[in-house]
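Q: Sequence:
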Amino acid sequence: LLKALNTLIEQGNTILVIEHNMDMIKCADWVIDIGPEGGDKGGNVVFEGKPEDLLKAKGSYTGQFLKTHLK
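Convert by adding 538 to the 1-based position in the sequence shown; the result is the number in my numbering.
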């Protein structure tokens with residue numbers, strides 16, 4: 539899937555992906571993390587930026603999980 543997406547990007551396309559897989563998230567150019575929880579306790583932008591900066595984002599469960607995934 540990453541190879542197919544990269545081919546589309548190389549052709550000048552913009553790709554928007556909604557994904558929970560850490561392998562996809564770490565390869566993204568830009569991440570928008572919405573949370574912090576689901577339902578009534580979510581729906582807020584917790585973080586927006588590069589995946590490497592997500593690792594330092596306070597209050598981002600995605601960033602916390604990505605840290606452990608990269609170890």
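Rather than coming from a laboratory, the hints here were simulated on the basis of the structure. Note that the structure is predicted; figures quoted are calculated from it, not measured. Using N, Cα and C, we set each Cβ at its ideal position, and we do this for glycine too. Check the hints yourself; a few may be wrong.
Only pairs whose alpha carbons sit at most 25 angstroms apart, straight line, appear in this in silico BS3-like list of lysine-lysine [unchecked claim]:
(1) 541 to 579
(2) 588 to 564
(3) 541 to 596
(4) 594 to 579
(5) 579 to 596
(6) 588 to 605
(7) 594 to 605
(8) 541 to 605
(9) 594 to 564
(10) 541 to 564
The calculated label-pair distances, taken between Cβ atoms and stated as ranges, are [unchecked claim]:
(11) 541 to 577: 17 to 25 angstroms
(12) 576 to 548: 15 to 23 angstroms
(13) 548 to 579: 16 to 24 angstroms
(14) 548 to 577: 33 to 41 angstroms
Q: Does each hint hold? Answer for all of them.
A: Comparing the hints with the structure gives:
| no. | hint | result |
| --- | --- | --- |
| 1 | 541 to 579 | violated, 35 angstroms |
| 2 | 588 to 564 | holds, 9 angstroms |
| 3 | 541 to 596 | violated, 31 angstroms |
| 4 | 594 to 579 | holds, 22 angstroms |
| 5 | 579 to 596 | holds, 16 angstroms |
| 6 | 588 to 605 | holds, 14 angstroms |
| 7 | 594 to 605 | holds, 9 angstroms |
| 8 | 541 to 605 | holds, 24 angstroms |
| 9 | 594 to 564 | holds, 14 angstroms |
| 10 | 541 to 564 | holds, 14 angstroms |
| 11 | 541 to 577: 17 to 25 angstroms | violated, 35 angstroms |
| 12 | 576 to 548: 15 to 23 angstroms | violated, 35 angstroms |
| 13 | 548 to 579: 16 to 24 angstroms | violated, 39 angstroms |
| 14 | 548 to 577: 33 to 41 angstroms | holds, 38 angstroms |
Violated hints, in rising order: 1, 3, 11, 12 and 13; the structure is consistent with all others.
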